[in-house]
Amino acid sequence: MKNIFNFLANPSRFRIFAKNVYPFSLIGMFIFIFIGLWFSLYNSPPDYQQGETVRIMYVHVPAAWMAMMVYLSMTIMSIFSLVWRHPLADILSKCSAPIGAMFTLIALVTGSIWGKPTWGTWWVWDARLTSVFILFLIYMGHIALVRAFEDEYKGARAGAILTLFGAFNLPIIKFSVDWWNTLHQPASVIKLDGPSIHIDMMVPLVLMAFGFLFFYFSFLLINVQTELNHRKLKKLFIKKLN
Amino acid sequence: MRLFFKLVYRDINLVIKGASDTGAAILFYLLAIIMFPLSSGTDTNLLTTIAGGAIWMAALFASLLSLDRLFRSDFEDGSLEQIVLSGMSMEIIVLSKCLAHWLTNGLPIVLLSPILSLIMGLDYEYWWILAITLLIGTPSLTLIGATPAALSCAIGKGGVLTALVLLPLMLPVLILGSGAISAEISGLGGKGHLYALSAIFPISLLVSPFLASRSIRLGWE
Numbered sequence: 271m272k273n274i275f276n277f278l279a280n281p282s283r284f285r286i287f288a289k290n291v292y293p294f295s296l297i298g299m300f301i302f303i304f305i306g307l308w309f310s311l312y313n314s315p316p317d318y319q320q321g322e323t324v325r326i327m328y329v330h331v332p333a334a335w336m337a338m339m340v341y342l343s344m345t346i347m348s349i350f351s352l353v354w355r356h357p358l359a360d361i362l363s364k365c366s367a368p369i370g371a372m373f374t375l376i377a378l379v380t381g382s383i384w385g386k387p388t389w390g391t392w393w394v395w396d397a398r399l400t401s402v403f404i405l406f407l408i409y410m411g412h413i414a415l416v417r418a419f420e421d422e423y424k425g426a427r428a429g430a431i432l433t434l435f436g437a438f439n440l441p442i443i444k445f446s447v448d449w450w451n452t453l454h455q456p457a458s459v460i461k462l463d464g465p466s467i468h469i470d471m472m473v474p475l476v477l478m479a480f481g482f483l484f485f486y487f488s489f490l491l492i493n494v495q496t497e498l499n500h501r502k503l504k505k506l507f508i509k510k511l512n
Numbered sequence: 108m109r110l111f112f113k114l115v116y117r118d119i120n121l122v123i124k125g126a127s128d129t130g131a132a133i134l135f136y137l138l139a140i141i142m143f144p145l146s147s148g149t150d151t152n153l154l155t156t157i158a159g160g161a162i163w164m165a166a167l168f169a170s171l172l173s174l175d176r177l178f179r180s181d182f183e184d185g186s187l188e189q190i191v192l193s194g195m196s197m198e199i200i201v202l203s204k205c206l207a208h209w210l211t212n213g214l215p216i217v218l219l220s221p222i223l224s225l226i227m228g229l230d231y232e233y234w235w236i237l238a239i240t241l242l243i244g245t246p247s248l249t250l251i252g253a254t255p256a257a258l259s260c261a262i263g264k265g266g267v268l269t270a271l272v273l274l275p276l277m278l279p280v281l282i283l284g285s286g287a288i289s290a291e292i293s294g295l296g297g298k299g300h301l302y303a304l305s306a307i308f309p310i311s312l313l314v315s316p317f318l319a320s321r322s323i324r325l326g327w328e
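For the record, the sequence lines run as chains Y and D. For the first sequence, the working numbering assigns the number 271 to the initial residue and increments by one for each residue that follows. For the second sequence, the working numbering assigns the number 108 to the initial residue and increments by one for each residue that follows.
Rather than coming from a laboratory, the hints here were simulated on the basis of the structure. Don't take every hint at face value.
Under 8 Å between C-beta atoms, here's a sample of chain Y residues computed to sit facing chain D [unchecked claim]: (1) L296; (2) I431; (3) L434.
The model shown is predicted, which means the values in this text are computed figures rather than measured ones. We treat Cβ as the ideally placed atom computed from N, Cα and C, and that holds for glycine.
Model the full assembly from the supplied sequences, consistent with the hints where possible.
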């Protein structure tokens, strides 16, 4: 395991790795999202209270999970970047931020669309919604901060510091529905005494979650390749000038 | 320890002599509060409901303005390097800067708040909860702001970007602080909010000196 990490630590080797793995990840994404969409749109029961609107859940919940998962992975990469000065962790963290921001935006927008028929309002300022909105703002701050530096190395370091600081928000998002009285429903899948959701709804949800996970991997791999190519181009240009 | 207090004394002295814009931030605090009755009408009932939030928001923006140059002016003219050469650890320097910033920015905000609550039409019996939330909240604001302020040294420019990074991190303090006041006014009791608010201070006291000193070193790399 350690050998794999050491092997991939070299950016140019990782570029080749990313190029080779990317098609498989893309195929995984299409398979999971298509099967997941078929299950969630045709082959799952409507809710006894909400009716057909419950199908929004199959996009909303995986997107919200991914929004937090991407931030968690960015936090871990930031620790790698600050403690071991891992060259690849910087790049992965930088490339993850826009994808995470997009997942957060999807979660917010679909939640808002779901909220109108079920709660009767597009938006309420309860703890869960507010903390996810803060997560979106932190993502945007990270994106702006990293790109404000002329030196990419410094920018990545600054981004890592900000990511670690913003990580306080993750437990708040997770437990906001337990700590405060919120309009948002409490957790029903990831909790200590097992999921309380019916298996017919669980299957499409898990399929969509895997689809979104592969979506993240695919776009991360594209972003990383672009970033690495960009850096290589810059180096070649400087070499040519000399 | 003697060096620590000397450094605090130096920073406060700089503010008194007008070399830093912290004094202007306090004036901004007063002005921003006056904007609220002028913009949303002078209806007393309305003012009473928004008073806590308005004063908190003005306090947040005032500390945001002065935090922008918390390290940067010393960083740019090289005095921060000289202070580091004195042998103090970077974390202690950050803490002393934060203490000086709170004494010149947070403390005046807290002291002025009872008078401002009268202007905003907040009921006389609620001034104490406003003062307590500000007393607990403003040190956290200073400490949370230290890291983005230090990052602005590394970028070499501040302004909008610092605000963009800083505001989301400060929002929990604002929510809990103004939430305590409105919960107290509505009769629910603001103690729950106060406890959560006071939990932020020790956490930020532990975390932010390390991250802020890391960010300042980033500027020297």
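Results of checking the hints against the structure:
no.	hint	result
1	L296	33 Å, violated
2	I431	5 Å, holds
3	L434	7 Å, holds
The structure fails hint 1 only (numbered hints given earlier).
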